[in-house]
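As they're listed, the protein sequences go chains H and R.
For the first sequence, the working numbering begins at 1 and goes up steadily by one.
For the second sequence, the working numbering begins at 1 and goes up steadily by one.
Any given hint could turn out to be false.
If chains are identical, the list can't say which one is meant, so a pair holds when it fits in one copy or spans any two.
As the list claims (entries may be wrong) - Listed next, the in silico SDA-like pairs over lysine to any residue satisfying Cα-Cα at most 20 Å (straight line): (1) K504 <-> R535; (2) K519 <-> P33; (3) K415 <-> S294; (4) K415 <-> M6; (5) K415 <-> D254; (6) K519 <-> V449; (7) K504 <-> R35; (8) K504 <-> A288; (9) K524 <-> Q352; (10) K439 <-> E343; (11) K415 <-> T275; (12) K504 <-> L340; (13) K439 <-> D403; (14) K435 <-> R35; (15) K504 <-> F408.
Since the hints were made in silico from the structure, they are not lab data.
There are 2 protein chains.
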Amino acid sequence: MQGLMMDVPLTIPLIVRHAEALHGAKLVSSRRPDRSIRRITYGELFARARRLAGALHDLGVRGGDRVATFSWNHHQHVETYFAVPCMGAVVHTLNIRLSAEELAYIANHAGDSVVIVDRILLPAFERFRERLTSVREVIVVDGEGASDLPPGSLDYETLIAGGTSHPFDERIDERDAAAMCYTSGTTGRPKGVVYSHRSQLLHTLVVAQPACLGLAERDVVMPIVPMFHANAWGVPYAAALAGANQVHPGPYLDPGSLLELMSSERVSTAMGVPTIWLGILQELDRNAASYDLSALEHVMIGGAAVPESLIRAFAERHGIAITQGWGMTETSPVGSISTLTSELAEEDPATQYAYRARAGRPLPLFEIRVRDESGVRPWDDSGMAELEVRSPWVASSYYEASDSGERFTDDGWFKTGDIASIDARGYIAIRDRAKDVIKSGGEWISSVVLENAIMGLPGVAEAAVVGIPHPRWDERPLALVVPRDGSLITTEEIRAQLASRFPKWWLPDAVEVVSAIPKTSVGKFQKREIRERYRDRYSELTVDGGRSTDSNSLTSVNSQPSTVTRQA
Amino acid sequence: MQGLMMDVPLTIPLIVRHAEALHGAKLVSSRRPDRSIRRITYGELFARARRLAGALHDLGVRGGDRVATFSWNHHQHVETYFAVPCMGAVVHTLNIRLSAEELAYIANHAGDSVVIVDRILLPAFERFRERLTSVREVIVVDGEGASDLPPGSLDYETLIAGGTSHPFDERIDERDAAAMCYTSGTTGRPKGVVYSHRSQLLHTLVVAQPACLGLAERDVVMPIVPMFHANAWGVPYAAALAGANQVHPGPYLDPGSLLELMSSERVSTAMGVPTIWLGILQELDRNAASYDLSALEHVMIGGAAVPESLIRAFAERHGIAITQGWGMTETSPVGSISTLTSELAEEDPATQYAYRARAGRPLPLFEIRVRDESGVRPWDDSGMAELEVRSPWVASSYYEASDSGERFTDDGWFKTGDIASIDARGYIAIRDRAKDVIKSGGEWISSVVLENAIMGLPGVAEAAVVGIPHPRWDERPLALVVPRDGSLITTEEIRAQLASRFPKWWLPDAVEVVSAIPKTSVGKFQKREIRERYRDRYSELTVDGGRSTDSNSLTSVNSQPSTVTRQA
Numbered sequence: 001m002q003g004l005m006m007d008v009p010l011t012i013p014l015i016v017r018h019a020e021a022l023h024g025a026k027l028v029s030s031r032r033p034d035r036s037i038r039r040i041t042y043g044e045l046f047a048r049a050r051r052l053a054g055a056l057h058d059l060g061v062r063g064g065d066r067v068a069t070f071s072w073n074h075h076q077h078v079e080t081y082f083a084v085p086c087m088g089a090v091v092h093t094l095n096i097r098l099s100a101e102e103l104a105y106i107a108n109h110a111g112d113s114v115v116i117v118d119r120i121l122l123p124a125f126e127r128f129r130e131r132l133t134s135v136r137e138v139i140v141v142d143g144e145g146a147s148d149l150p151p152g153s154l155d156y157e158t159l160i161a162g163g164t165s166h167p168f169d170e171r172i173d174e175r176d177a178a179a180m181c182y183t184s185g186t187t188g189r190p191k192g193v194v195y196s197h198r199s200q201l202l203h204t205l206v207v208a209q210p211a212c213l214g215l216a217e218r219d220v221v222m223p224i225v226p227m228f229h230a231n232a233w234g235v236p237y238a239a240a241l242a243g244a245n246q247v248h249p250g251p252y253l254d255p256g257s258l259l260e261l262m263s264s265e266r267v268s269t270a271m272g273v274p275t276i277w278l279g280i281l282q283e284l285d286r287n288a289a290s291y292d293l294s295a296l297e298h299v300m301i302g303g304a305a306v307p308e309s310l311i312r313a314f315a316e317r318h319g320i321a322i323t324q325g326w327g328m329t330e331t332s333p334v335g336s337i338s339t340l341t342s343e344l345a346e347e348d349p350a351t352q353y354a355y356r357a358r359a360g361r362p363l364p365l366f367e368i369r370v371r372d373e374s375g376v377r378p379w380d381d382s383g384m385a386e387l388e389v390r391s392p393w394v395a396s397s398y399y400e401a402s403d404s405g406e407r408f409t410d411d412g413w414f415k416t417g418d419i420a421s422i423d424a425r426g427y428i429a430i431r432d433r434a435k436d437v438i439k440s441g442g443e444w445i446s447s448v449v450l451e452n453a454i455m456g457l458p459g460v461a462e463a464a465v466v467g468i469p470h471p472r473w474d475e476r477p478l479a480l481v482v483p484r485d486g487s488l489i490t491t492e493e494i495r496a497q498l499a500s501r502f503p504k505w506w507l508p509d510a511v512e513v514v515s516a517i518p519k520t521s522v523g524k525f526q527k528r529e530i531r532e533r534y535r536d537r538y539s540e541l542t543v544d545g546g547r548s549t550d551s552n553s554l555t556s557v558n559s560q561p562s563t564v565t566r567q568a
Numbered sequence: 001m002q003g004l005m006m007d008v009p010l011t012i013p014l015i016v017r018h019a020e021a022l023h024g025a026k027l028v029s030s031r032r033p034d035r036s037i038r039r040i041t042y043g044e045l046f047a048r049a050r051r052l053a054g055a056l057h058d059l060g061v062r063g064g065d066r067v068a069t070f071s072w073n074h075h076q077h078v079e080t081y082f083a084v085p086c087m088g089a090v091v092h093t094l095n096i097r098l099s100a101e102e103l104a105y106i107a108n109h110a111g112d113s114v115v116i117v118d119r120i121l122l123p124a125f126e127r128f129r130e131r132l133t134s135v136r137e138v139i140v141v142d143g144e145g146a147s148d149l150p151p152g153s154l155d156y157e158t159l160i161a162g163g164t165s166h167p168f169d170e171r172i173d174e175r176d177a178a179a180m181c182y183t184s185g186t187t188g189r190p191k192g193v194v195y196s197h198r199s200q201l202l203h204t205l206v207v208a209q210p211a212c213l214g215l216a217e218r219d220v221v222m223p224i225v226p227m228f229h230a231n232a233w234g235v236p237y238a239a240a241l242a243g244a245n246q247v248h249p250g251p252y253l254d255p256g257s258l259l260e261l262m263s264s265e266r267v268s269t270a271m272g273v274p275t276i277w278l279g280i281l282q283e284l285d286r287n288a289a290s291y292d293l294s295a296l297e298h299v300m301i302g303g304a305a306v307p308e309s310l311i312r313a314f315a316e317r318h319g320i321a322i323t324q325g326w327g328m329t330e331t332s333p334v335g336s337i338s339t340l341t342s343e344l345a346e347e348d349p350a351t352q353y354a355y356r357a358r359a360g361r362p363l364p365l366f367e368i369r370v371r372d373e374s375g376v377r378p379w380d381d382s383g384m385a386e387l388e389v390r391s392p393w394v395a396s397s398y399y400e401a402s403d404s405g406e407r408f409t410d411d412g413w414f415k416t417g418d419i420a421s422i423d424a425r426g427y428i429a430i431r432d433r434a435k436d437v438i439k440s441g442g443e444w445i446s447s448v449v450l451e452n453a454i455m456g457l458p459g460v461a462e463a464a465v466v467g468i469p470h471p472r473w474d475e476r477p478l479a480l481v482v483p484r485d486g487s488l489i490t491t492e493e494i495r496a497q498l499a500s501r502f503p504k505w506w507l508p509d510a511v512e513v514v515s516a517i518p519k520t521s522v523g524k525f526q527k528r529e530i531r532e533r534y535r536d537r538y539s540e541l542t543v544d545g546g547r548s549t550d551s552n553s554l555t556s557v558n559s560q561p562s563t564v565t566r567q568a
């Protein structure tokens, strides 16, 4: 028996119609390249988006065509987020932090026909422009009067001024593609995730729930997470639907600029990756009196594991509660959030910090499980196994990738590549990336747990832990540590402090004190490069006297003299 | 180009899986017929629902079959809300307030195969049981040991105890029917609305948004709105998905019982129709100190127009903010809610009360317009025209009704039958029902606006206004007024007080002081009956001296001597 309800497709034009009707006077503010703030209303923004769509249509863009962006967060990027899907085309966000090689590959693989580029990103764009095979038009944002524009490129504002308003009322199928984003995988070629209108709309509805971002009309939300990667956590859509003001930092992601913007725009909700918030913490520690964060209610951090010490420092030193979110490009991206339950809200601060530092509980309609060779594991926080997820906003395959299959299970779940455990309350703890977990003597050691523990030690600014090949134990941990300004750290101190919290066989055999840890284009530790650089570290030791293999127990591995190497 | 996202159907089992995994220890509390409170966890509730589904399957219930309920609000009713749709069948809520004739017609028209009946509602059920043509099984809730059970009936608890757990993991199509409810139309036969899994799930997601009920895990929600009509505003599903505790009042809807339950269960969110809250207000006015409403954050009223005086009285005398919701059986039911925008939150109390007394702004994905013969009207709050709506949770037709068509426009909107205006901010004001609006001399007068104004006057407990046939002006308003205990009211006083707020031609020609106003089975004014009773009121006047027709202007109509008739 069929339901007898209206067949209204779940498409992004529904967001536009709602926001235009109810929230036309609310604001989207952006910091421009000249540091000034531009404020436009949603009403103006949607009118501009309709004209942008008209101009793109005049340029020959049709349903299914890919229109790429190469942009910071600003209102023009928001306009593109609406204009392109609402005309039936696909907005493809190019990650400005990737290498020229990756970008050329990605734009060509996606078959982008138009690229919209920020004027200030033209130098980066020029590094791969000549290699683009399908791009017919280049549109430059904030390019008026510039002398260095690519030949034949078009000016964004001129197009909007001349565009005829495109209706957003076509009947789009909800399973049509709305957006694309490539994963910056560290192994193999980048892979394209293709979001549908349906997945984007459902993600929008769930992200706005009280248990997630809790976005309401009175909010002022600042996504420091980039719109060029993983939909900026869905904020541009969720804020529009809720009628919350949006604040976009443009290219200025230094802590001072961000804090100044949060103060002046009275931001209530902000989200970003841990490194951003680490910088903000340091600036606040130095200059708290310079900023007014009295409107700030809600800070969310995601994109990488959040050290508990960071959460604690914000709460104790600045009265700011931090919630952790977890997600991936393949999950639209938000899958879980560490909002405390009413039960945990009654617990002591230490318990609360520990829970806030977990990856959180799954959102409604987002299903999780951890599974290893023996099957699906119980939610008892024991062991480590791969996290698998299922949801209407999780990818079912990659775009034109023959090796898509290995990431998807036969029963329809996505293998995240994250090693995790889930506790009885449903809180996920990400223990590691599958490729980073350290396999030592048949057991697993979490590199992330170790590095977070080290980052919580006094005198440590940053730390990364990787597994290095070891002739006897398969792999053994090695830690890179960046000392806090002026601090002196020894391997013995670090091992001694870790010894009270971990089994001896977890302790890194070697601790390298370095001035910086190599990072990927999106700010994550470049563990592949670290492993490469130190690949012979333990085999050398073996050759150099066999100190780490002359014993029968793992314990004795850790009794070897540790070495400290200070690098330039 | 297709999106490449998982094809996870939007079905009610998604709610069960989420709530079972995350909120298994949260509570559903119900007041039983013996007045005791029974508390069970969501974990127990879903386990029972699976066994109920198993038992129904053993009884031959299959996909698409209709299983009816004839019940108050309690955990067994919630169990049915989950068990029936999650096994692919259709839960059909019979409105216990309808007449035996209507109920027999509705159950037969729907083709119900099983009815689940509360023991204490058996007398009402017996009045139409013999007329049921398709019902094979009768299951009695709370019927253990009763001697008056229908022959061959089954005991609910015995079934659950013996039921084998039914898996809720079948692949249900999201457009399959999940539930049914008939409108208690005052004209024509009742008509069946068939909700799909998709519509129920989308309604659930949107109702939980911060701008609507804002349900979170920490909430304790009490739907005083009945589960036997219009899904209890979707609360059973939305609360489960959010993990909020539910509190159900069972058969005890008197103000004292409700207030006692709100106090003891620390209810944070409650919703009901205006008459319920009028009773609660009167009890609070008398005995505020007897109750502890310190947990109550959120009161929503809907189902009929909410007089501003009620909102004002709750706020000023008891510090309780009331929000109005609007919806219909055909709209799942929630369509709009009068949450104040951040702009209005800065306004003076009078403005805020006026806005809270409107029907509110449409929810996300719920589109509204007012349209008359001249077309769609602007949002300028002028005039009155029919409200039309469109949403994935609005009916597209009625179940097996040949005259379905007249309520749906050619371009796919539902004609609500409500006469409304919409202001520039998007707030709907329901002026009247299309059938109740008073057509006087080619202009429309809102019966609802008049009766709300009269109910705000001192000395008035309740008032209804209807249009009565008039030989010259087509119709003229007539008011029925129930005085507050001990008050004396005259027509002249009422007309004098209305005269400062309305044009003279709006003023009721006659005011009848009565001891009670006839109401429908769901507590709304029985205006058809009132019109019937007074149908000759103005024609009599004409015959009786022609006083109301011996003039040329509408003004003079109102100069006629008004009459007061005191009824027994």
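A quick look at each hint next to the structure:
no., hint, in the structure
1, K504 <-> R535, "neither (22 Å within a copy, 93 Å between copies)"
2, K519 <-> P33, "neither (25 Å within a copy, 65 Å between copies)"
3, K415 <-> S294, "neither (41 Å within a copy, 46 Å between copies)"
4, K415 <-> M6, "between (35 Å within a copy, 13 Å between copies)"
5, K415 <-> D254, "neither (35 Å within a copy, 54 Å between copies)"
6, K519 <-> V449, "within (18 Å within a copy, 66 Å between copies)"
7, K504 <-> R35, "neither (52 Å within a copy, 60 Å between copies)"
8, K504 <-> A288, "neither (40 Å within a copy, 64 Å between copies)"
9, K524 <-> Q352, "neither (26 Å within a copy, 49 Å between copies)"
10, K439 <-> E343, "neither (36 Å within a copy, 58 Å between copies)"
11, K415 <-> T275, "neither (26 Å within a copy, 53 Å between copies)"
12, K504 <-> L340, "neither (32 Å within a copy, 59 Å between copies)"
13, K439 <-> D403, "neither (25 Å within a copy, 70 Å between copies)"
14, K435 <-> R35, "neither (41 Å within a copy, 59 Å between copies)"
15, K504 <-> F408, "neither (36 Å within a copy, 73 Å between copies)"
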